[in-house]
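Working from the sequences, and respecting the hints, build out all of it.
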Amino acid sequence: MAKVLRRERLVPNIHLLEVHAPEVARKCRPGQFVIVMSDERGERIPLTIADWDAKRGSVTSIFMLVGTSTQKLSLLKAGDDLPVYVGPLGRPSDIQNFGTVVCAGGCFGIAAIYPIARALKKAGNRVLTLIDVKASYLFYWEDKLKKVSDRLFVSARDSRYDSKEYIPYKLDSLLKEEKKVDRVVAIGCTYLMYRCAEATRPAGVKTMVSLNPIMVDGTGMCGACRVSADGKTKFACVDGPDFDGHTIDWPELFARRKSYFDDEVKSLCAFERERFS
Amino acid sequence: MTEKLEISAELKERLKAGYDKEWRKELRKSLPVKERMKIPRQKMPEREPEKRNRDFGEVNKGLDVEAAVLEARRCWDCANPGCVSGCPVSIDIPSFIKLIEKRDLVASIRKIKETNSLPAICGRVCPQETQCEIVCNLRKATGVPVAIGNLERFISDFERWEGQVFLPEIPPSTGSRVAVIGAGPAGLTVAGELAKKGHRVTIFEALHIAGGVLVYGIPEFRLPKAILKAEVDYLQKLGVELRMSFVVGKTATLEDLKKDGYDAFFIGTGAGLPNFMRIPGENLVGVYSANEYLTRVNLMRAYEFPFYDTPVVRGKRAAVIGGGNVAMDSVRTAKRLGAELAAIIYRRSRQEMPAREEEVKHAEEEGIEFHLLTTPLRYFGDDKGRVKAMECLRMELGEPDSSGRRKPVPIPGSEFITEVDLVVVAIGQSPNPLMAQTTPELRVGKWGNLEVDWKTMATGIPGVFAGGDIVRGGATVILAMGDGRLAAAEMDRYLKNGQR
Ligand SMILES: Cc1cc2nc3c(=O)[nH]c(=O)nc-3n(C[C@H](O)[C@H](O)[C@H](O)COP(=O)(O)OP(=O)(O)OC[C@H]3O[C@@H](n4cnc5c(N)ncnc54)[C@H](O)[C@@H]3O)c2cc1C
Ligand SMILES: Cc1cc2nc3c(=O)[nH]c(=O)nc-3n(C[C@H](O)[C@H](O)[C@H](O)COP(=O)(O)OP(=O)(O)OC[C@H]3O[C@@H](n4cnc5c(N)ncnc54)[C@H](O)[C@@H]3O)c2cc1C
Ligand code: SF4
Ligand code: SF4
Ligand code: FES
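Chains H and V, in that order, give the protein sequences. Per this note's numbering, the first sequence starts with residue 170, numbered consecutively. Per this note's numbering, the second sequence starts with residue 137, numbered consecutively.
By construction, these hints were calculated from the structure, which means they are not laboratory data. Here the structure is a predicted model, which is why all the values come from computation and not from measurement. What you were told as hints is all true, and nothing was included just to trick you.
Over 12 angstroms on every C-beta distance to chain H, these chain V residues come out as not near it, computed from the model: (1) SER166; (2) ALA243; (3) THR278; (4) LEU303.
20 angstroms max Cα-Cα, derived SDA-like pairs, lysine to any residue: (5) H:LYS435 x V:GLY422; (6) H:LYS196 x V:GLN573; (7) H:LYS403 x V:PHE412; (8) H:LYS196 x V:ASP392; (9) H:LYS196 x V:ARG379; (10) H:LYS196 x V:PRO576; (11) H:LYS403 x V:GLY564; (12) H:LYS401 x V:ASN411; (13) V:LYS524 x H:GLU421; (14) V:LYS520 x H:SER397; (15) H:LYS427 x V:LYS520; (16) V:LYS365 x H:ASP208; (17) H:LYS401 x V:ARG414; (18) V:LYS333 x V:LEU374; (19) V:LYS361 x H:ARG210; (20) H:LYS196 x V:MET380; (21) V:LYS524 x H:TYR429; (22) H:LYS241 x V:PHE443; (23) H:LYS401 x V:GLY422; (24) H:LYS196 x V:GLU391; (25) H:LYS241 x V:HIS344; (26) H:LYS435 x V:GLU440; (27) H:LYS403 x V:SER566; (28) V:LYS361 x V:TRP297; (29) V:LYS395 x H:PRO191; (30) H:LYS403 x V:GLN573; (31) V:LYS524 x H:PHE423; (32) H:LYS435 x V:TYR439.
We treat Cβ as the ideally placed atom computed from N, Cα and C, and that holds for glycine.
Below, the structure written as structure tokens:
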């Protein structure tokens, strides 16, 4: 059992969840995640650790509303108990002084990239952050990101920010603009990570992506999270979640993420019926 | 499979003390062996195959009192009981059986619990036919052993129904703290034994429900979760603390726990790493490891989806690769979730199938198809990346290999393709590598198993012991518990010697 300290809507489709989990807070490093279950009948779902406070014993994640589990999380209040909150899982991101690093994030990845950018900055890198949002009102954590980035570039389909173009295009032009980019880190929806990896492939800039296949236990026991990297099957929860984006079998990942599409709709309908009847 | 165990001096004495009791002598005299041998083995009542293969209710209904007493009467009460040498936890089998014959059921359950803290589980899932029952003297004489496992199940169910679970007296606290890592049968046994000795025990478990394979692997229709829960409640009554959702190696390392003040450790993290065949198409949607398939259904209750949130693919044509208990559990689960065809694909012959006889029989009754001497070569997917067919190859038995089993060899040109929309790969599990990765001082064997001194279950690190599947690879519940008992005795000695 873990206590919810705070649950708050940041922007219309994205919420923040801060949980009292002192052991996780003591141990976690950038790039790791937790597995959460909202209630006794819930599903175990992974969420990246977006921030933590070891003194307060708290861990923060940001989640995007997609289906039943995230709907349920969005109804939590401070003081509620989570039957499952386990972590920190996965391998931490590789943090070194690489030189210039581009951090690209979209949707929940805007938060997920934050601790990585912070650690990269601290390790002495020049950090260029690229953020992608559908609309400017969906952007959050601007202040936090500004503090850890040498440059922050935001792209939204309306015209309030720097550009309207989809971030992989911006990544492409940035690679040309900058004399030297030593590494790219991309987190967000699968499509965004895939496109970022493709954008850097021609120049051969190493691009780490934080993969988000469906998981169950998160400890290497079930194999639900298997992805193909360099033609070899890997378990994202223990071998990842970070992988070199140029080695990933993306079509397989897309298909595996859609494994339960019909069931998810059914589940959401059942949940809504229960909630509103 | 059978390990003929040595009968220790302690056990010999224990057996003799029971054997020499006056009431035992009288009971033996009350019915001549000849008469005893006329009693047929009492059949385990089962639910009808056509009904039970559509739900998750328990298949075996259990013996009633009269049948249990009759079955107990079959036992000769041997002076040199063979049965005991087949039980890894050294239950005084004749004593508990004779107490059933005497109808002193309360004493009978206490007898069992002297050495086995989880009898309701062992009575259900122990491979009795290759352990205690294979060495029963009655079997040696007639081929039909006393139904020891069924009696064990009967007596523990009796205790639960009565609702008077017997709590032993716990000695004053020793002040020592013990960390048990993993809440499978090995870890639960260690926890129970050490709590009874007055040590403060905490179990750290990665998942959110205790039981290990008993909760995430073995299905409800074979081992109802309520039984496991009763056993775990019992441990809590003994004062054992449970820390769920705690992955040792991640949430804290063994080193961290040492700093937190734990004096001794038991690693019982099991063999949780699923093996795959590494053939084309194995990552298609609808191809599962048995661990994932069973975890979704058992632990996460996908059979009650969408009331429970976790989904699982419900195939119409299901193929399960493998021939062990895990494969039987998977294929029978697929049938229960609506598969019209649920088939076992196994590369050797029926004789070599490692699954328990009873499980195979139940599967056959439930309409499971068996494709023996067959192996999958590849899976084919549709345009959405879902499995839609598989190619298989037929085999025949060749020369015996090093293990003495006749090796299957492919029949050239025997490939065939069949439609499937669900595949479960149940070809074995390897030890979970997490502890070894984060505790470099641990000695790791060829198969990723932890190496221990088999006499004490001690790893190379002082105060750190291990047992169950993490040292044996995929074994059995009762062997895991046997390891747990041995380790607990050694840990108690270690703690009392003040080696801290
Ligand atoms: C390592 C990792 C880190 C992640 N971090 C975050 C994060 O910080 N914030 C965030 O919003 N999302 C994150 N995700 C994705 C998040 O887990 C899914 O959005 C969530 O599980 C959806 O659940 P749902 O019931 O609301 O939606 P559903 O309706 O069940 O599913 C919607 C989609 O989410 C994915 N999904 C469903 N169940 C799971 C599951 N058990 N495990 C993983 N993916 C699943 C599937 O692709 C599915 O099509 C992460 C995923 C992984 C693997
Ligand atoms: C489907 C199936 C059917 C079976 N049927 C039978 C049968 O009929 N009869 C029989 O005798 N045997 C059967 N077996 C085998 C038997 O279940 C195992 O041999 C036995 O459970 C091993 O016990 P264990 O305590 O060593 O490990 P497990 O039962 O595997 O338990 C290990 C526990 O440790 C936890 N864990 C792992 N790593 C960590 C960590 N780092 N930190 C914290 N916790 C951790 C796991 O989550 C798990 O709960 C079956 C196995 C399976 C999979
Ligand atoms: S625990 Fe297993 S081996 Fe021992 S008596 Fe019971 S059924 Fe037989
Ligand atoms: S060997 Fe068989 S007959 Fe003899 S005591 Fe044991 S169970 Fe009874
Ligand atoms: S989530 Fe089960 S192995 Fe990764």
